[in-house]
Amino acid sequence: MTFEALVYQGLIGLSLAMYLWLLAAGLTIAFGVLGVVNFAHGSLYMLGGYFAFTFYLTLQMNFWLSLLLAAVSGGVIGLIMERFFLRFIYHLDLAYQILLTFGFVLIFADAARIFWGGIPLIPPMPEILDSTVSIVGRPFPVYNLFVIFVGIAVSALLWLLLDKTSWGETVRASASDREMASALGVNIPRLFTVVFSFAAMLAALSGALGTPVRAMTPGIGTSVIIDVFIVTVIGGLGNLPGAFVGALIIGLMKAYGVLLFPDADLFMTYLIMALVLLFRPKGLLGGR
Amino acid sequence: MASKSAFNRRQFLKATAGGVALAAPFIQPAQAQDPIKIGAQGVSSGSHADYGRQIQMGARFAAEDINAKGGIMGRKVEVLYRDDELINDVALKNARFFKAQGVNFMVGTDSSGVCLALGPVLPELDLIQVFTHAATEKLTEDLVFKKGIKHIFRGSVPVYQDAILPALVFKDNKDIKRIANLGADYEYGRTSWAMFHTTLKKFRPDVEIVGETWAPFFTADFTPHISALAAKKPDLIFATPWAGEAVLMLRQATTLGVFNDIRVWWQCMGGSVDVLEGISRDVATGKFKDKLWATARYIWNWPNTPENKAFVGSFSERWGRLPNYSAECTYSAIFALKAAAEKVDSVKTADVIKALEGLELSTPAGKRVYRPEDHQAVYNVPAGRVTYNKEVAPIAYLTDLKVFPASDYFRNPPFN
Amino acid sequence: MKSWTALTKAGLQTRLAAAAGAALAVALLIIPLFGDYVIWLTANMLILALFAVGFNLLFSFTGLLSFGQAAFFAVGGYVCALILLAVPSLLLGVVGGVVAAGVVALIIGFLCVRHTEIYFAMLTLAFGMMIHSIIWKWRAVTGGDDGLVGVPRAPLEIPGLLSIDMADLERYYYFVLLLVVLGIFAIWRVVRSSLGLTLQGIRDSESRVTFIGLSVMKYRLIAFTIAGLASGLAGALMVPLGRSASPAIANWTFSAEPVIATMLGGAFTFAGPIVGSFLFYIIKEIVVIFTGYWMMTLGIIVLAMVLGFRGGVVSVIQRQLLPLLERRRNDLGG
Amino acid sequence: MVALFHAQGVRKTFGEFVAINDVDMMLEKVVLTSIIGPNGAGKTTLINLFTGKLPCDSGRLVFDGTDITGLTPHQRVHLGISRSFQVTNILQQMTVAQNLQLPVLARLGRAGRPFARPDRDPDVRAEVESLLSDIGLAKARDVRAKALPHGDQRLLEIGMAIACRPRLCFLDEPCSGMNPGERAQVQELIRKLTKLRDVTFVIIEHDMDVVFALSDRVIVMHQGKVLTEGKPEAIRNHAGVKEIYLGEEVGD
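Chains as they are written, first to last, in the numbering used here: chain A, 9 to 296; chain B, 392 to 807; chain C, 3 to 336; chain D, 14 to 265.
It should be emphasised that the hints constitute simulated quantities derived from the structure, not laboratory data.
Virtual Cβ for every residue (Gly too), placed ideally from N, Cα, C.
Each hint should be verified, as a subset may be incorrect.
Computed Cβ-Cβ distance ranges for the label pairs, DEER-style [to be verified]:
#, chain 1, residue 1, chain 2, residue 2, range
1, B, Lys538, C, Pro157, 18 to 26 Å
2, C, Ala27, D, Leu92, 43 to 51 Å
3, C, Met219, D, Leu92, 34 to 42 Å
Using the sequences and the hints given, assemble the complete structure.
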């Protein structure tokens, strides 16, 4: 692999990693705090995409606003999921939680068909981002740079939010020890609702970010979720920095994989996950 | 062969006679005035839902058309539709359901895997299916021609036209020396690419393959594949991912500025309405620099015949959408069944099979001939450059149409 | 007194179960009278039932949630298909499929049983999808996404003993019925056996079982392998039925079916997965008649089930119906 | 007196914290030993190391002449070391009888039999019956363990520990949360088994009445080290012991 390819594919991989990172961040935070594995997390990505499409193209809103509103709408969906459904099954076996969220996967997939139809939807590329810059002598999409920027910005915000605010403290406290947190007078139910809908927001943002380059179809939710699981498990479930590392690994693997082992990319991702779990049972950076 | 299948059938009926007696609610013997039932299936859930929708629209539209003109031999046509989810076992279940509902014929099926699974079971069901989307050459070459399964027919074009037609279109273009493949990593992508470059190399030994990448089903981001190919500076990129994947792949290609450097992007199935609808805006804004070429197994703006115009007009009126190839193929398949049945004045499977073999029929797509050897409907399909003009159509469409006689690019028995 | 009610309850339960079993048996035997479609559906239900019962041995009786059972189903199916395409012997195909599935389960299980809870679920998911991508990629052998098609429903032959033609769906249905019943019965015996006791012990308290001198890993692996064998048998029966094998049966979405069926019928009961498998098909059959949006409907049902009557159908019967009946008995008695 | 169990220079650290600090310990056959010490002295950790729940950082464990340092917990059980837990650890979903069947099956090497009904195995039955009467839960035979009152659950766990026919049995606070009656029953049971089956019991206990009434020998631990050991009377009047227990009254 030439140095040029190394850099160029590397950047491509980095942008892939950022979509995964936004998704994985939400999934892993929700797991860390609520202890719930959300199969519908990918469906929230899909809904985020559709929302962004509707705001941006159908309602002719400004692109940035559409991203924001899409994320918020995703958050609202998440809020409803937690407040009226998940809330009642925390005490139950893992399988019930998985099954419940799987039910949402089915519902959202058909809902997308009802509201947006079966055909792939893709809005035009916003002018400002619709160009390329020369990197190692080759045109590189500005949009991918934008995605990378957003990914890093969100990481920074998450860090500030969780490490520098009192709210972040309570989140981390209840992530490490629920009883202790509630003893400290944290309103656990409210916290759960907020955290889950925040996680949903991140998923929706990832999807919204994807709309101009990744057409939305009703089945997209199930096709992304497995990658996200792999990412979070590699990093360690409930471990935020772990999710970032996992996203980088899978993103770069997908990009370089095309050059190195073009015939085995799916297999490689699963292999990586299996190997990590075999040698670091709780993920690379350790999880719950 | 026919006699053999007849024998199977008798055996089959004998075996289930006991069941039939008590299964009145499931199997009604056909009387003259009962409707002729046609079972249609395709994928209408998940990412490819629009293809099943098109099959459904085509079938229902054909039925309405035929019934308006007095039905088939005076009997009304009734269409039953089911979602096959692109899964073999669901498709087989649906076929059994149709059988139980006493359908006379079956049409549809999107996935190659599904049609290959369904084909061999048709004799057991004693039902004809005219496949109207699935493109694998194995269906007609292996199952019909080599294995002699006479219940299989295909009204749509096999991979020949995705793969061999472009070779014919570009063989004389001396600027194209370096070709690359962005393949869908499954049989359809593998076969198409193999057929394309072997055919092209026959005419143009000087052409070299500079890159091959394979993307699995349900790929959300093709940028790694596209950039890997772009690095190889190809003149022509041959791409097989279809439906939603084609739409997002083409957008990603534009963001990578691929269309500045290449001369041609050949998009298999790019002429499909859902894809054209998806990429219309980019076409309108010249994102593809007129370098995007595509084909489909039927396109609404060819042939330029009154029959086609009438079909397109009334179809769009009925459904508010332009007909996709799967819609036209299904529509025409049902008319083929009508013609065959009326020709022998019977809806018995064996009779209709005989009648369909060699049947000539004028359809919106032009004249179709059902080859007796492999039961493949032979008809011409154009390839063209993707363009946009809202005066002509609300969505992107194909222009600069290159039409070759089907005989040039259809593989012929004995398929060696 | 306490023991008396306990007794009658047990008696009532067993009698009720026996009655239900008998009714089911009769129903299953006369199924072919309702025509091919019903035969076909029922055969599929039976196969899912066996698949789910195997899954449930892991889930309810060992405390492991596997999300990769489809892998073993697929191995069983594909190996059976490959054998049938080579040698037309149903028995050979089925046995071969089951053995292959067992071996693969043994290997994957060995790597998985160190884990529990979500990590076990994720690891099984990963290995399951590895099998899926192998099947998808190894085109020379598996036919890639086209799968293996035109698999003959070969006759059931034991040289010198018997030879039964299976071309006829009805005959094959009885073959499936027989093997599924045998398979489920075997697992039922396992659950009631010393081994079953050990597994349930592990479910209740890993450390306690360790400190009465048992290797938790070893017995988890045994359970995992048995579940793999059951999945493999289910797969090996499925392929000759549809006369094809496709990668879809190795996909994680297919691994979800036994989970849903088990939850639907009732986890932590033995009959749950069986009842659930039948419901799973019946519900979908009914739904698709009324709407093309079957996914949404199924999803709503799943939600209602998880939130509404959690234990699933079977335990609803046990918890709600039986007490009523008992009260009746007691009233009559006193 | 012969040494049944010998620990040499056993050490265990959790990060910075040294839980067990190079402990040497000799446990003699049929000498009922109690390990006492304030909370955090490392009593339970020590048992976890001896029984294999935790691996030793360094040191050597010898049981009846064989080095067991590297053995897994269940291997140690087979050699004759069993234990109960500080927090009740029984098979909640199963009946009392089943809770006792399992260790018996394990000892007889029949726990893996795929088709044999455990309750139909005459050997198992006989032994379970005697265990049931030993721990006085014969009446509760068919009750689900989780439905038992706390005291009975503790008894059941002791029953499971001895069902392994151990030669060395560690009981971690066997009497915690028991009423006087049950305590008496436990002491009675421990004495009986020591006599009948030569079981060497090692108990961790906070209730000094139990300790002094029961023990032949008392080991006092403090901050991961053995502070002192000796006959109960000696310990009762040991100055250092009083000191570390300051506040907590020793004996009455």
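*Taking the CB of Lys538 (chain B) and the CB of Pro157 (chain C), does the distance hold inside 18 to 26 Å?*
holds, 20 Å
*Confirm or reject the claim that Ala27 (chain C) and Leu92 (chain D) have a C-beta distance inside 43 to 51 Å.*
holds, 50 Å
*Take the C-beta atom of Met219 (chain C) and the C-beta atom of Leu92 (chain D), compute their distance, and say whether it sits inside 34 to 42 Å.*
Violated - the Cβ-Cβ distance for Met219 (chain C) and Leu92 (chain D), about 19 Å, lies outside 34 to 42 Å.
Comparing the model with each earlier hint shows a violation of hint 3 alone; every other hint is respected.
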